[in-house]
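There are 4 protein chains.
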Amino acid sequence: MKEIEPYEHKVQYYETDQMGIVHHSNYIRWFEEARSYVLEKIGFGYKEMEERGIISPVLAVNAEYKTMTRYSDIVVIKTKVTSYNGIKLMLSYEVSDKETGKIRCTGESKHCFLNTEGRPISLKRSFPEVHNLFSERFHIE
Amino acid sequence: MKEIEPYEHKVQYYETDQMGIVHHSNYIRWFEEARSYVLEKIGFGYKEMEERGIISPVLAVNAEYKTMTRYSDIVVIKTKVTSYNGIKLMLSYEVSDKETGKIRCTGESKHCFLNTEGRPISLKRSFPEVHNLFSERFHIE
Amino acid sequence: MKEIEPYEHKVQYYETDQMGIVHHSNYIRWFEEARSYVLEKIGFGYKEMEERGIISPVLAVNAEYKTMTRYSDIVVIKTKVTSYNGIKLMLSYEVSDKETGKIRCTGESKHCFLNTEGRPISLKRSFPEVHNLFSERFHIE
Amino acid sequence: MKEIEPYEHKVQYYETDQMGIVHHSNYIRWFEEARSYVLEKIGFGYKEMEERGIISPVLAVNAEYKTMTRYSDIVVIKTKVTSYNGIKLMLSYEVSDKETGKIRCTGESKHCFLNTEGRPISLKRSFPEVHNLFSERFHIE
Numbered sequence: 001m002k003e004i005e006p007y008e009h010k011v012q013y014y015e016t017d018q019m020g021i022v023h024h025s026n027y028i029r030w031f032e033e034a035r036s037y038v039l040e041k042i043g044f045g046y047k048e049m050e051e052r053g054i055i056s057p058v059l060a061v062n063a064e065y066k067t068m069t070r071y072s073d074i075v076v077i078k079t080k081v082t083s084y085n086g087i088k089l090m091l092s093y094e095v096s097d098k099e100t101g102k103i104r105c106t107g108e109s110k111h112c113f114l115n116t117e118g119r120p121i122s123l124k125r126s127f128p129e130v131h132n133l134f135s136e137r138f139h140i141e
Numbered sequence: 001m002k003e004i005e006p007y008e009h010k011v012q013y014y015e016t017d018q019m020g021i022v023h024h025s026n027y028i029r030w031f032e033e034a035r036s037y038v039l040e041k042i043g044f045g046y047k048e049m050e051e052r053g054i055i056s057p058v059l060a061v062n063a064e065y066k067t068m069t070r071y072s073d074i075v076v077i078k079t080k081v082t083s084y085n086g087i088k089l090m091l092s093y094e095v096s097d098k099e100t101g102k103i104r105c106t107g108e109s110k111h112c113f114l115n116t117e118g119r120p121i122s123l124k125r126s127f128p129e130v131h132n133l134f135s136e137r138f139h140i141e
Numbered sequence: 001m002k003e004i005e006p007y008e009h010k011v012q013y014y015e016t017d018q019m020g021i022v023h024h025s026n027y028i029r030w031f032e033e034a035r036s037y038v039l040e041k042i043g044f045g046y047k048e049m050e051e052r053g054i055i056s057p058v059l060a061v062n063a064e065y066k067t068m069t070r071y072s073d074i075v076v077i078k079t080k081v082t083s084y085n086g087i088k089l090m091l092s093y094e095v096s097d098k099e100t101g102k103i104r105c106t107g108e109s110k111h112c113f114l115n116t117e118g119r120p121i122s123l124k125r126s127f128p129e130v131h132n133l134f135s136e137r138f139h140i141e
Numbered sequence: 001m002k003e004i005e006p007y008e009h010k011v012q013y014y015e016t017d018q019m020g021i022v023h024h025s026n027y028i029r030w031f032e033e034a035r036s037y038v039l040e041k042i043g044f045g046y047k048e049m050e051e052r053g054i055i056s057p058v059l060a061v062n063a064e065y066k067t068m069t070r071y072s073d074i075v076v077i078k079t080k081v082t083s084y085n086g087i088k089l090m091l092s093y094e095v096s097d098k099e100t101g102k103i104r105c106t107g108e109s110k111h112c113f114l115n116t117e118g119r120p121i122s123l124k125r126s127f128p129e130v131h132n133l134f135s136e137r138f139h140i141e
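Chains as they are written, first to last, in this note's numbering: chain A, 1 to 141; chain B, 1 to 141; chain C, 1 to 141; chain D, 1 to 141.
Since the hints were made in silico from the structure, they are not lab data.
Fair warning: there could be bad hints in the mix.
Identical chains blur together in the list; that is why a pair holds if it fits in one copy or across any two.
Here are the simulated DSSO-like pairs of lysine-lysine, each with C-alpha atoms no more than 27 Å apart in a straight line [what the hints assert, rightly or not]:
1. Lys-98 / Lys-88
2. Lys-124 / Lys-98
3. Lys-124 / Lys-10
4. Lys-102 / Lys-88
5. Lys-66 / Lys-124
6. Lys-124 / Lys-102
7. Lys-47 / Lys-102
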């Protein structure tokens, strides 16, 4: 993937819980923010996808929480494609503190592509131009 | 409105914030839970509405926070229709602690009805049987 | 209030609901984002407050939803102090679409200040330097 | 673990997204609801834990999304302890549709226990009575 500046998120008060830290479910939402940002940058965001009749649900997600994030911290999220075959897409995320660089959380998500009837599609077959866009950008050495 | 048992909600950990209390935005969601529950009970929940091609967005909402709600508390939410004219619907909510009866929050919400094209409709004209259901149930003395 | 650039928020996928628009409860969270941003800018954010042993709960909130906001829109939020007397603070918000300038939502929130024992305090008496900061910045003609 | 009735959750409107299904991040919150429910049932809920000065952050979480959950569905969540050694606790979750029994999502979460200074503790050493409670209940064949 050509260089896209990593996504930044500023922690909001409503994202904290009574432990005084960010509630763990929010990192899953931040992964989505970062993914959404990257897809938009390469020209095929969720909006563009859905306008072409493609929806892309999440098949799986995982996160490992390393250190705690607190209100008003800024986190930097690096997103990488770890696998793409035209049918399934896997991404990995690294959330770190902007100031200290300390890693807060790492995780992954897995996605497929469905048409408007909810049937799985191969981007390669149904949307070759999108597939080429992905393949080009998401070349994995 | 004939007697419908008030809605109950148990406070979840993810609803708290670093003040150690429920984040204020969640009461707005609880109003929706209670509204959703009441509409379903009278036979015209959001699901039934949307199946008939009616969507009912929120036009306005307000809340007054009286006392604090904490993790694992159970709150009881009483919902009343304060006005309904076939075009607009206003509801009021009273959130109280189940154990002590202490009032936690009061609020209101205002709604209209739109067809699938997003144009406002009169339930009275377009869905008289629904209108009658509402009028009957939501008679205000 | 001296000129602070209005707060911007990019709408996330997880903020939408099945109506295809932003769920109304999120505007209440955006008000908090904007408030948090403004307070931090004037040097007395929630973090600074809580470090001095002051918490500032929300006493009331209201919102009027004018037009719909959708995924990937950017909204601009203008925040104004409408009243401040050392004990209570009222703010108003105007959420508009960045691209078209169309107003999406307006609202208000009301706040008090509590010490660590949860008792209401007068910023004027207990934290005169903070009070002066507020009064200076939040002068209302 | 002695028989505890599985936890039930009714899907709320604010939990849906513009795909018309439950947003995937909410399952992570439902895992917490189910965990919270089970821990409370065995007499050592988060409230009791925190009153004794123990906090129990989430170290890792994963979820596999099998089929889609929609607004107003009721899901049943079965929670199992898959590992416990006095220091770390692992739980697994199975979310299924109440009506059809169809599995919606499976997942796991991993937890440790910290004292008020944020240092990891062995429940076995520091809170033997709690450890015994867990060991007894969470016996794994």
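Each hint, compared with the structure:
1. Taking CA atoms no more than 27 Å apart as the test, Lys-98 paired with Lys-88 passes in neither setting, with 31 Å inside one copy and 30 Å between copies.
2. In this assembly of identical chains, the alpha carbons of Lys-124 and Lys-98 never lie at most 27 Å apart, being 37 Å within a copy and 36 Å across copies at closest.
3. In this homomeric assembly, Lys-124 and Lys-10 never come within 27 Å of each other (Cα to Cα): the closest approach is 36 Å inside a single copy and 31 Å across copies.
4. In the homo-oligomer, the alpha carbons of Lys-102 and Lys-88 lie at most 27 Å apart only across protomers (23 Å), although the nearest pairing inside one protomer, at 31 Å, exceeds that limit.
5. Within a single copy, Lys-66 and Lys-124 get their C-alpha atoms only as close as 37 Å, which misses the 27 Å cut-off; across copies the closest is 24 Å, which meets it.
6. With identical chains, the CA atoms of Lys-124 and Lys-102 are never at most 27 Å apart, being 38 Å at best within one copy and 31 Å at best between copies.
7. Within a single copy, Lys-47 and Lys-102 get their C-alpha atoms only as close as 33 Å, which misses the 27 Å cut-off; across copies the closest is 20 Å, which meets it.
The earlier numbered hints that this structure contradicts are 1, 2, 3, 6.
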